[in-house]
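Engineer: Sequence:
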Amino acid sequence: MNGRLRSLGTVLAAPAAALVFALVVGSIALSVVGVNPLFAYSEMLEFSASANSFVSIFNRAVPLYISAIAVAIGFKMLLFNIGVEGQYLLAGLVAAAVGAQLTLWAPLHIVVMLVVAVVVGAVWAGIAGILKTWRGVHEVVSTIMLNFIAFSVVAFLLKNYFRDDPASLNLATKPLPLSGRFPSLNPVLEFFGLEPASGFELRGYLLVAVLLGVLYYILVWRTRFGFDLRASGLNADAALFSGVKPKRMVVLTMLISGGFAGLVGMGQVTGFFYGYTQDFPRFLGFDGIAVALLGRNHPVGMGLGALIIGFLRRSSQILDLRGVPREVTVIIEGVVVLAVVVAYEVVNRRVQAAEVKAAAEATQRPGGVAEAA
1 MNGRLRSLGT VLAAPAAALV FALVVGSIAL SVVGVNPLFA YSEMLEFSAS
51 ANSFVSIFNR AVPLYISAIA VAIGFKMLLF NIGVEGQYLL AGLVAAAVGA
101 QLTLWAPLHI VVMLVVAVVV GAVWAGIAGI LKTWRGVHEV VSTIMLNFIA
151 FSVVAFLLKN YFRDDPASLN LATKPLPLSG RFPSLNPVLE FFGLEPASGF
201 ELRGYLLVAV LLGVLYYILV WRTRFGFDLR ASGLNADAAL FSGVKPKRMV
251 VLTMLISGGF AGLVGMGQVT GFFYGYTQDF PRFLGFDGIA VALLGRNHPV
301 GMGLGALIIG FLRRSSQILD LRGVPREVTV IIEGVVVLAV VVAYEVVNRR
351 VQAAEVKAAA EATQRPGGVA EAA
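Counting from 1, one number per residue, gives the positions in the sequence shown under our numbering.
Don't read these hints as lab results, they were simulated from the structure. Remember, predicted model here, so these are calculated numbers, not experimental data. Be aware that a few hints might be false.
[Stated by the list, open to error] DMTMM-like, lysine to aspartate or glutamate: derived pairs with alpha carbons at most 25 Å apart: (1) K357 - E345; (2) K247 - D237; (3) K159 - E345; (4) K174 - E201; (5) K174 - E190; (6) K174 - D279.
[What the hints assert, rightly or not] Derived CB-CB ranges, DEER-like: (7) L78 - Y217: 38 to 46 Å; (8) V111 - Y161: 38 to 46 Å; (9) F225 - N348: 20 to 28 Å; (10) F225 - V24: 41 to 49 Å; (11) N160 - P107: 47 to 55 Å.
All C-beta atoms, glycine included, are put in the ideal place defined by N, C-alpha and C.
Can you make the complete structure from the sequences, with help from the hints?
Structural biologist: What follows is the structure, given as structure tokens:
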């Protein structure tokens with residue numbers, strides 16, 4: 001029991017140590033450019049301690065969290081879905097175009113759009129799964145190539161088929177009707193005494209992100225598919241001998257990962273742009289990889305990681321106004337992710353060494369073989 005508590009304490013200390021290390025590196029970077037680190041950090045904390053910043057941080061964290069879930073599904077089987085970027089952009093465009101043509105009962109309208117996004121994302125990711133199982137193409141190569149194809153397809157469709165006003169300089173789909181828009185959660189904030197300024201709305205898509213986190217947990221840790229997924233990631237040969245069909249698992253995993261990926265940008269489609277525009281946010285798919293690594297593929301850990309990234313990006317906005325290079329937050333982001341990965345690897349090796357040592361000591365005692373078993 002004491003050994004388990006020590007191991008748990010070591011594991012929990014890893015991300016804390018990584019964050020401290022990142023702040024130290026950030027302090028060094030600030031000192032090099034002649035800025036007092038305490039001044040910069042205090043400004044960031046003060047700027048973030050407001051209702052407006054609260055809304056902004058959560059709105060930024062939601063797509064990062066969903067993107068991380070999409071990546072983590074593949075990571076659990078040692079599959080690297082680097083194509084989340086193209087999957088969510090293509091899915092967002094098609095879902096926005098379909099939603100703009102419909103007039104349905106509000107909840108049904110939104111559900112239809114989300115289903116379209118899931119299907120498009122799954123199909124696009126499934127191509128990589130089929131290429132891997134049928135032709136032996138590594139998923140990293142295929143998903144990266146599919147990203148570039150998706151970028152071109154999105155540009156082509158938006159310009160030639162889904163564009164609302166050909167005379168407008170702004171490429172955008174037709175705006176969604178009111179039934180296709182997620183309501184704001186600001187009334188909930190006001191109930192708790194938080195009153196964001198006009199223009200700051202906590203998007204209702206936050207509830208979808210929470211549901212997706214629960215669904216991810218149930219799928220991975222409470223279903224037979226999740227058991228096979230984790231077993232394949234831990235030991236593919238053992239999983240094969242237990243009856244798991246590797247090709248089927250690869251395709252299913254890529255389909256599910258792509259389905260989650262298709263939902264990454266739907267918060268912006270249904271709660272901010274109310275359609276798809278040329279200003280649609282990019283790089284959320286790549287950022288999701290960092291958040292998945294930061295959260296160790298756990299739904300709670302990834303949620304905290306997404307909030308940390310959201311906090312850094314929101315708080316960095318005040319640095320420009322104070323004459324501080326905001327790029328320091330990019331340094332902190334990178335160092336946090338790198339330090340967490342290294343710290344967890346060190347912790348895992350220490351825990352494994354401790355377990356091996358404990359097992360060896362147990363076998364040397366009378367009756368130790370039975371106790372070790």
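Engineer: Tell me, which hint numbers fail for this structure?
Structural biologist: Of the numbered hints given earlier, those the structure breaks are 3, 5, 7, 8, 11, listed in rising order.
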